[in-house]
Each structure stands twice: as structure tokens, then as C-alpha cells.
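Chain by chain, the residues:
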Amino acid sequence: MIFNSYIFVLLFFPIVIIGYYFFIYLKKYQMVTFYLIVTSLFFYGYKNPLSLVLLFLSILVNYLFYKSIKTCYSKNLIRLTPIFLVIGIVSNIGMLLYFKYYNFFIDNVNMMFETRLSFRSILLPLGISFITFQQIAFLVDTYHKEVPDYNLLDYTLFISYFPRVISGPIILHNDFFSQLSENKRKMNWDFFASGLYLFVMGLGKKVIIADMFAKSVNWGYSNIGELNTPSALFISIAYSIQIYFDFSGYSDMAIGISRMLQIDLPVNFNSPYKANTILDFWDRWHITLTRFLTKYLYIPIGGNRKGSLRTYLNIFIVFLCSGLWHGASWTFIIWGILHGCFMIFTKRFTSFINKVPKIINKLATLLFVNFTWILFRSESFNIFKQMIRAILQNQWGRLNETMCGYFQPVLFENLINIEVPYWIWAILAFVAVFIIIFRCKNVMEKATMLKYSTVSILWTIVVALISILSFSGISTFVYSRF
Amino acid sequence: MKAKKWCIAVLFTYLFIMIGIGVLVFVVDPYFHYHAPIRGLSHELNNTMYQNDGVIKNFDYNAMIIGTSTTFGFNAEEAGKLFGKEFVRITYLGEGFKRINLALQKAIAYNNELSFVIRGVDPIWFVTDTNYTGYSEYPDYLYDNVLWNDVNYIFNKDILINDVISVVCRTLSLKDDTSNKKNMTVIYTSDDNEGDALQRYTRPPKEEKIIEQSETDEFFRLLKQNMGENVFSTIEANPDITFYIFIPPYSICWWDSINQYGVSVLERRISMEKYVIEELLKYNNVRLFSFSNNYELTCNMNNYIDEIHYKEEVNSKILSWLQNGKYELTKDNYLNYLSDITEFYSNYNYDSLFE
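Protein sequence lines, in the order shown, are assigned to chains W and Z.
Residue numbering for the first sequence follows the working numbering, starting at 1 and increasing by one per position.
Residue numbering for the second sequence follows the working numbering, starting at 483 and increasing by one per position.
The following block holds chain W by itself, in its conformation from the complex (with noise of 0.2 Å):
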């Protein structure tokens, strides 16, 4: 199930609503746990119940790994812990290369050395990067006897929890257990109000603005080959946008949902575009990921304690991570590459940075971001490289007119006909989300100081309709010539 659908909205979320509250109401704390797991898992299973038979184990596996590494500390075996913490690690990550890089692997086997070695049709079970990532943290954690005594039934909701269970943010055990407390589960009506907000909002975000972008996106990168320098940009930074409004919607709306529900998730970005350098974008960017590859990969491998070669080698190996994470392609590592070694260029000559003008910086790290999502969006090095001889073939002209078609509003086309441009829209668009990403607080920060006002209101009220009603449209037929 996804946030921006019918079923989510109109149904699920308000009788996860209406029966947690109803609990908390009862004071059956423990009932409260066992409904938003019953419920998550529900969500999760909803297209494949057959994932949650993975999740299941998954849990349980995890599960028995953390209580095997805690009973050794009790009963004083501690030469055991490393080997149960290892074994868990391995078989977390196992499952995520099966899962998700097993036909990535035989692909490349097979260009290597010739073979046929067949592809497996194997389900990615939705969001096992973010699940596998948490379990390692909750172990290592463990391991560093930084965690106390959890049951089951509270360790199946951390790692189950529906509001980010399929696309984060990243939790890790301080940020969520304490907030199961009796105490803190009494109805704080400013954390509601500001979750409805932020749900509402990073709604907004993703299917009015994220889904308009993705249209032209999908068409420029299907058409390549009809796009001249201006229209190529244009499609590339409205990836741009679109990335960036998706998955930070997406992030709203998980912190938000949770927020109804009286647990705080950690915020996941913080108007990175707005970032000075790229050392920073990563400090605003799915800034969960970047806190969990610094403490669990960064700095156990030695972080900058060790030299400066060694620092950048570091940053180096965190960076080609990160791009395995994202997906299973020579893009995406190539795109993680490219990351760090901006990140390792960035770090060295940063007393040389700090006295170039914040502008330029701004706009060489954008510029850098913006190139590096072409290589994100393209699903092979040969539509990338399509993509970079259509910016750089020096073809100059008018944006490309079915590109511009997805900005054109539907609204009363029958009923008023204003004659424009067609091109109007698309800058319009444009102009309205630059202001938006570079002039406005983010989303986060209106929420956190959300004012209780009849304007906000019905800003909050026009922005939930206005996706509700676009969840779904009609397709047009184009037959021929009318």
C-alpha cells in the first residue's frame, strides 16, 4: 500500500486513527502495540502477503541473533557475542544481495566471461533496504550493549512500523522504544495538529508537484532523440525536481502519519538544495542514510582517524556503498563514485572553497547534483550518455511543445479557453517550485512552527483535496486527429 492512494487515505489511516486512540482511550497500552502491528503488517502485505512470510522471518531471525548476543553478555560467554553478531550481519546482507542483486551479479558474470547463466524471477520485498539496514544497526547496537531488553512484540513493530516501514526515514532503537512509553502516548493535540500538516503537505508535494514533473521527465527520457538543448536541461532539472519533491513528500508524509500517532520520526531532509557544498547537500539530503552510513560503516572502518588518504579512502568505500544501495546497476555505483569523489575533492581543498563566494558554490553544487541525477534517472550508461549529447548538442530553440503539454492545467478546459503559449505553463511551474525549493521554509519548518490560523486552515484543506482528487484522472484517447 502506498500513502497516496484511495485505500490509504480514505480507509486505512482513519481506522488505524480512530482504533489507536480508541485504545490509548481504554489505557490498553499493550493492545495499542499489537494493533498498529496487526495493522502494519496489513499494510505491508496488501499487494504480496506472501513478502510477509520474509518479514516474518526476518524478524524472528533478527530477533533471535539480538537475544543469542544479550543472553552471552548475561551468562558471561563474551567470545561468543562477535560471532553471533557477525553471523547476523552476514545473513541480513545476504538476504539483501539475493533479493535485490541476485540477477545484477549473474548479468555481470555473464558479460565477463561469456556464460548464460539464466536470471531468477525473484519479488524485491518492498522496502528490505530500509528493513535490512535497521536490523544490522539494532545488532551492532546490541553488540555495543547499547540496547536494553525489548520484547518481541515491540521489536516486530520497530521494524514493521507501517508509516516507514517501505521507504524510511532510517530509524534506529533510541529514536523509536522510548517513545512507546505509557506516558507518551497520551494525546498531544500540537504534535497531531503539526502531523496533519506535514502529512498533508509532503502529499501535496509528491502527487501535485512530484507526479506533474515525473510526466514530462518519463516522456523526455522515453524521446530522447526529440529533444533539443533547451528541452534536454529543462528535462533534467525537472528530474531534479521531481526526485527531490517525491522522496522528501514521501518523508513528510511518514512523519507526519507517525506524528498522528505520537511517535516522532528523526526528519529525513532539510532543504538541500538550499546546501553551500556537497558535504553539506549530505547533511540535508535522506540525512537517515547518511547518519546510518557514518556510524555503521564510516566510522568502523576507521573514519578520519587515520590520515587523510585513509579519511578519503573511507569516504570513498561510503560513497560506493551508498550507490550499491540505491539499486542494482553500474549507474547507480557510478553515481555513488561520482559523490564521493566530489565529497573527497570538497574535503581537500575546502580552506580554498570556504573563500569562493557562497553563491558560486551553491550553484557549482547544485550543478553537480543536477548532473549526477542524469546518470540516477538513466536506466543504462547509453541513455545517460543520449542524454548528455542532447544537453551539449548546441541545438538551441523552443522548449519542446508534448514535453510542455504535462504542465498545462486540465482545470475548466471546458469551460474557458485561454489562449497562451503553450510553454507558459511549464515555466510557470518552474518558477513557482524554484521559489518554493529556494525562497520558502521547508515543509518541516512550517510545521514546527505551525500557526493556528484560518489561513492555515484552508491552505491545509485546499492542499488535501487538490491531491485527493488527483489520485486518479482520465486518459485521454488520442485517436486519429481528434
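If you are wondering where the hints come from, they were derived from the structure by calculation, not from laboratory data.
It cannot be assumed that every hint is accurate.
Calculated pairs, DSSO-like style, for lysine-lysine (alpha carbon to alpha carbon, straight line, at most 30 Å) [as the list claims (entries may be wrong)]:
no.: 1; chain 1: Z; residue 1: Lys486; chain 2: Z; residue 2: Lys688
no.: 2; chain 1: W; residue 1: Lys358; chain 2: W; residue 2: Lys347
no.: 3; chain 1: Z; residue 1: Lys706; chain 2: W; residue 2: Lys27
no.: 4; chain 1: Z; residue 1: Lys486; chain 2: W; residue 2: Lys27
no.: 5; chain 1: Z; residue 1: Lys588; chain 2: Z; residue 2: Lys706
no.: 6; chain 1: W; residue 1: Lys385; chain 2: W; residue 2: Lys100
no.: 7; chain 1: Z; residue 1: Lys486; chain 2: W; residue 2: Lys28
no.: 8; chain 1: Z; residue 1: Lys563; chain 2: Z; residue 2: Lys706
no.: 9; chain 1: W; residue 1: Lys441; chain 2: W; residue 2: Lys184
no.: 10; chain 1: Z; residue 1: Lys487; chain 2: W; residue 2: Lys28
no.: 11; chain 1: W; residue 1: Lys184; chain 2: Z; residue 2: Lys484
no.: 12; chain 1: W; residue 1: Lys446; chain 2: Z; residue 2: Lys487
no.: 13; chain 1: Z; residue 1: Lys580; chain 2: W; residue 2: Lys47
no.: 14; chain 1: W; residue 1: Lys186; chain 2: Z; residue 2: Lys486
Following the hints, position chain Z against chain W.
Then chain Z, alone, in the frame of chain W:
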């Protein structure tokens, strides 16, 4: 204002508006999903893919015109006057026989009064897989009986703005009351200049395709299966319904597009038509028509907007020919008809069209 009051205001206003939208869409019902048009409320038949199911289930009729885009230009009121019946027109643009037949079967199931069907059977859809359907995006939520997925209809921005609100505005302004009309009339516009259709036609390069017997066998296998399941079966299962089946008159450019692959390809086309004619003539409840031997019609590209779609004047002529029996095929005349069109279209000087 406190947080609690803010939350309650947002949630209740939202709920109130959502219920309001739901009630409005249900009452106006621009795709007739729940009921026939309400008297006094303007309505438009302008989106066949979305409205066909509603028309089939909720309109009053005892006769139907059904088919692809080649039936789109028929005026149901005109047909009603000619045949003395109450018609609806159900068209699926660019669609094969499967979905058209499903719609016909649904109409028969929902409407006991249905006794007369005019169906266009397009030669371009003779050879397809039995289950071929043309639309990549199809509003299944309007065609099934699942109540829950109607949210796609009720809470749909495009439908609300472009269909519901426009209907309300039109009704209130009394500018365009279409409540008594059951058909959209102007479909294929006649604003083309002479020769436009010919200019739009892209002639394939000339080649003499060598016909493999195995390919012909495969074509006939598909043809028999497709026609059997999606045309003949419904006729056979409903002997009380009179079917007026017609083969739409494609233009000389369409014949040229076949002929460019060689006369043998053209003759194979006609042999498929022969099979279809022979099968249809077996049914007593079928009256069969084809106008391909009306050469004044097919050879004049000013009657067409492209190689297969004729202008709306031709639809009126077809209706009158169906009514007076002109161009009807019978067991006695169909062989003459076939040899006549084979002779004509095999020997036509197609190059003269482009001189």
C-alpha cells in the same frame, strides 16, 4: 486558536467537502454510472470509453449501434426515425472485437428490450488474438460491479472539473440543454478541404510479398477464433435479436495500402471477407451489408478524412442503405459481390490517385 480546534476544523471541513463532492458527482453522474440523465440537467455524450457502460446499463433503448470508430459518426436519433426504434450508440475508438462484444453481451444481459443491433465489423480487426484489447489505460472501475473502486470516479479531479462542474454551469446558464439528446452529432467534421485525406495518406513502398501458406493458415486460425468468439457466438446465442451487420466501406487508399504488398495479399484479404460473409449468412437473425462495391463512394477521397474513416454524411447514407436493403449481401449475390470487388480492386490504377 488552539491545536485541538485547528485539527477539528481541518478534519470536519475536509469531511464535509468530500461528502459534498461525492453527492454532487453521484447526482450529476456525467458518465451515467449510477443513473440515466436527470430530466432538466444538461448532459453530454462526449467520452465514449468512460460513458459506454453507463449508457448500456442505465439508458432506455431497444436498439443499438455498436462498433469501432467507423460507427462513431452515426446519429442515433436519425437511426431511430428510420427504423422506428429507440437507439443508443456504443463506440470504442481503436478497439478490437473483444471489448465490443463484451459490451454487447452486457447490454443484452441488462436490457431485455434490446431486439435490434447494428454492428460494424471492421476488416482491420479480423486477424487479432481473441483477447486483444486496444486501450492501454481502461477505466475498469466503471465497468465492474465493485463498489469500492468507484472512488476513482467519485473523487477524480479531471471528472469533477471537466464534466461535473461544466454540466452544472451549462445547466444553470441554460445555454446548452442537451438533456433530451442521446447522441453527440458532429463527430467527423466536414471542414476538410478536397484532397486533404489523400494528402494525409502515407503510401507504403511497393513490394511483391511472397505469401507463405503457413502464414495464411495462421491468419485464418486467428480469424476463425476471433470471429467465432467475439462476433458469431453472440449472434448464435441471441436468435431473438436482429443483427444488421455491415462491413465499413474503406477508401481506395486503404485498398492501395493492401495492394502495395501485391495482388496476392489483396486477394487474401478478400478471401477472409468471404469466410466472414459465408459464416454470417448462416444465421437467420442476421442481415449483412457491405458497401465496398459502391465505387463512387470508396474511390472519392473527399468522402473520407483518412483511409478508413468516412465523413458523417456517409453515415447517414449507410443508415438509409441499411433501412432500404441496398448493398445487402445474400446467399444469392455474395459470390458476385466478391468477384466484382476482387476484379475492381486488383486492377485499379492506383498510381492515378497520386498523379
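| query | Any of the earlier hints contradicted here, and which numbers? | reply | The structure conflicts with hints 1, 3, 8, although it agrees with all the remaining ones.
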